[in-house]
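One point on numbering: in our numbering, the residue at position 284 of the sequence shown is 284, and numbering is uninterrupted.
Note that these hints are calculated values from the structure, not bench results. We treat Cβ as the ideally placed atom computed from N, Cα and C, and that holds for glycine. Treat the hints with caution; some may be incorrect.
Here are the simulated DMTMM-like pairs of lysine to aspartate or glutamate, each with C-alpha atoms no more than 25 Å apart in a straight line [claimed, not checked]:
#1 Lys224 <-> Asp367
#2 Lys230 <-> Glu316
#3 Lys282 <-> Glu227
#4 Lys290 <-> Glu258
Pairwise CB distance ranges, derived in the manner of DEER restraints [to be verified]:
#5 Lys315 <-> Asp266: 40 to 50 Å
#6 Asp327 <-> Arg206: 26 to 36 Å
#7 Leu354 <-> Gly171: 54 to 64 Å
#8 Lys151 <-> Ala277: 15 to 25 Å
#9 Ser395 <-> Asp327: 25 to 35 Å
#10 Gly370 <-> Thr137: 51 to 61 Å
#11 Glu186 <-> Gly130: 33 to 43 Å
#12 Leu354 <-> Asn283: 15 to 25 Å
#13 Glu297 <-> Lys187: 44 to 54 Å
#14 Gly263 <-> Asp125: 19 to 29 Å
#15 Lys151 <-> Asp125: 42 to 52 Å
#16 Leu135 <-> Lys230: 16 to 26 Å
#17 Glu124 <-> Ala277: 36 to 46 Å
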Amino acid sequence: LPSRACMSSSSVRASSDVDVAARPPRSSFASRRQRRRRVVASSSSKSSNSLLLSGKKTTAMRFSGRAAALATPDDDDDDDVLLPYEKCSRLLLSTASSPTRGGVAMPRHPTQNVRDVVAIALEEDVADVGDVSSLSTIPEDARATATLLAKADGILAGESVANEVLSMVDGDIEACWLKRDGDDIEKGEIFCYMRGSARGILRAERVVLNFMQRMSGIATLTKKMSERAKPARILETRKTAPGLRVIDKWAVLIGGGENHRMGLFDMVMIKDNHVAAARGIKNALESSTKFLIEGGEKYTGVMIELETRMMEEVKEVCGLLEDADTDTSRVQRVMLDNMSMEDMREAAGMLNRLGVETEASGNVTLDTIGGIGATGVTFISSGQLTHSVVALDISLNIENNE
């Protein structure tokens, strides 16, 4: 998805073939509140959030010098703190001149897209009734400014999905992101301002947070694992939340990992049950190779991964790879499942010499991944990245009504 530091949600669509442009901000929001200031009178104002709101510590500088200048109070206001809606207004006013930084592209899936996933999430929240809490308490024309606050340290993920949620709820909601997908966020840090319909913001709140908290949790763990795995590269698995395959795998990419196969359709993985049903590794390999070749263009680029669980199976696979009478042209990778470090190191050496990728799997934790990465395997796959997600704590707070 294309991304913007500041934008109206109506300009964002979760599709790579849509040209996304920032929507010009409305100036009335700023003009009605331009001169209001709040003077900090207590020591608590020295917190990181107060500094952020004052412009003395603003990550808007990361995107544009002009944006930073517009987001920073005048010299004669140095001792004042901007109200949240004033900070939001100044950031939004800098939109037109702010360059953008491309985000991490969504992984491709032939039948699933973000807009459909978001639509399901929104529909299950209001059914065919609506948000009765907001409808019953907030006037229809009420407008508000809100912030997204990090309540734990981690890696931000889900900016583009959040923009899609806001867009589908109310195209007039504007959002300004001080941090982007893949950036570090710290506990107590405000990383996004938004303004628009108070009902709309609250209608989107839980869905935005559900996506962002899950994706940021995945990205945070992925970043830790990918750093410890080097020189091996970290992969997730298909152990994702049902219906969230693309979302979960996107978060892995944002955290610095790489994607394994998207589903059962884009890679042949011959596992122990396939081998048992086919009565042997050789039979399974020959059958799958024939199937892919006879399938023609439909299966162009679909490769094969073979799972091994012991050294005897590794040696058998190596024998097949060296056998001139066996077609192994589609074999791309061999999985080493739940092997000891010693066996893994030996197997990786044997297979690397034959020009085949290797993937370690099983018993992968933050404590073990460094040792596994040092065995010489190409990849390390971990289901923990997506099946045991610890959500990153983030909150959305209405700061005031216009």
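How the hints compare with the structure:
1. Lys224 <-> Asp367: 11 Å, holds
2. Lys230 <-> Glu316: 28 Å, violated
3. Lys282 <-> Glu227: The given pair, whose Cα atoms are some 37 Å apart, is violated under the 25 Å limit.
4. Lys290 <-> Glu258: 29 Å, violated
5. Lys315 <-> Asp266: 40 to 50 Å: 29 Å, violated
6. Asp327 <-> Arg206: 26 to 36 Å: 53 Å, violated
7. Leu354 <-> Gly171: 54 to 64 Å: Given about 55 Å between the Cβ atoms, the range holds.
8. Lys151 <-> Ala277: 15 to 25 Å: 49 Å, violated
9. Ser395 <-> Asp327: 25 to 35 Å: Check failed, 56 Å falls outside 25 to 35 Å.
10. Gly370 <-> Thr137: 51 to 61 Å: 52 Å, holds
11. Glu186 <-> Gly130: 33 to 43 Å: At roughly 36 Å between Cβ atoms, glycine 130 and glutamate 186 fall inside 33 to 43 Å, so the hint holds.
12. Leu354 <-> Asn283: 15 to 25 Å: The hinted range 15 to 25 Å holds for leucine 354 and asparagine 283, with Cβ atoms some 21 Å apart.
13. Glu297 <-> Lys187: 44 to 54 Å: 52 Å, holds
14. Gly263 <-> Asp125: 19 to 29 Å: 27 Å, holds
15. Lys151 <-> Asp125: 42 to 52 Å: 22 Å, violated
16. Leu135 <-> Lys230: 16 to 26 Å: Since the Cβ atoms of leucine 135 and lysine 230 sit about 52 Å apart, the hinted range of 16 to 26 Å is violated.
17. Glu124 <-> Ala277: 36 to 46 Å: 38 Å, holds
Comparing the model with each numbered hint stated earlier shows that hints 2, 3, 4, 5, 6, 8, 9, 15 and 16 do not hold.
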